[in-house]
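Participant: In order, the protein sequences belong to chains A and B.
Note that the first sequence covers residues -3 to 109 in my numbering.
Note that the second sequence covers residues 581 to 693 in my numbering.
In case anyone wonders, no lab produced these hints; they're calculated from the structure.
It cannot be assumed that every hint is accurate.
[What the hints assert, rightly or not] Subject to a maximum C-alpha distance of 20 Å in a straight line, what follows is the list of computed SDA-like cross-link-like pairs (lysine to any residue): (1) LYS33(A) / LYS658(B); (2) LYS33(A) / SER92(A); (3) LYS33(A) / VAL693(B); (4) LYS33(A) / THR683(B); (5) LYS604(B) / VAL692(B); (6) LYS1(A) / GLY639(B); (7) LYS1(A) / THR618(B); (8) LYS1(A) / GLU591(B); (9) LYS33(A) / SER686(B); (10) LYS50(A) / ASN18(A); (11) LYS1(A) / LEU626(B); (12) LYS33(A) / LEU625(B); (13) LYS604(B) / ALA582(B).
[What the hints assert, rightly or not] Only part of the chain A face toward chain B is listed, based on derived beta-carbon distances under 10 Å: (14) GLN(-2); (15) LYS34; (16) ILE46; (17) PHE61; (18) PRO75; (19) GLN77; (20) PRO78; (21) ALA87; (22) LYS101; (23) SER106.
The beta-carbon is built from N, C-alpha and C at its ideal position, and this holds for glycine as well.
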Amino acid sequence: DQQVKQNSPSLSVQEGRISILNCDYTNSMFDYFLWYKKYPAEGPTFLISISSIKDKNEDGRFTVFLNKSAKHLSLHIVPSQPGDSAVYFCAAWMSSGNTPLVFGKGTRLSVIA
Amino acid sequence: DAGVIQSPRHEVTEMGQEVTLRCKLISGHNSLFWYRQTMMRGLELLIYFNNNVPIDDSGMPEDRFSAKMPNASFSTLKIQPSEPRDSAVYFCASSGAQGLGYTFGSGTRLTVV
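Please model the complete structure; the sequences and the hints are all you need to start from.
Facilitator: Here is the structure:
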């Protein structure tokens, strides 16, 4: 039973365009969400996060949107660059449960020059 | 600080052999997580420790898997006997607080033939 779902295994976008990566979750107790980025032969690294009290968080070219009623979040990358090509993992956390992060399966983004 | 250090980076072993994966935490971090990455399941949590104590090992696939944390800075994940379906990339991560601030190692790519 997957609590965090990334339904698109892969996404291909042209350089300069917007990349939108989606993530759905099932547990309404999650109150903090994170995106991690993973390059080949490296471990995942933290990219951006959002608390459930917000609906948007922006950091440079990266913006995360949260729709709590739909239990959905998305990561927007604008403009996309070839160096953004990586696997992106969505993760969720329950601050009250004192439990580890729960990760989705990941989405492989390819930005084509 | 050199970050989370995993060894070996690659391991190729024959079915039935014992495999030991190693992880050195970041100094001062008190939580340790072992994850396994596969195409089918993405990043799945195997076991995690707080202050050297195993908290939840429900993700460990079988009794063939065991993990220890003999001190605050070091952990091992052992598979005995190994099977081809254990082939995956194994990551450890540490954090100073359970939900946030995860730092991942570069992973160990295990191939069981």
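Participant: Quick one: which hint numbers does this structure break? Sort them smallest to largest.
Facilitator: 1, 2, 3, 5, 8, 16, 17, 18, 19, 20, 23
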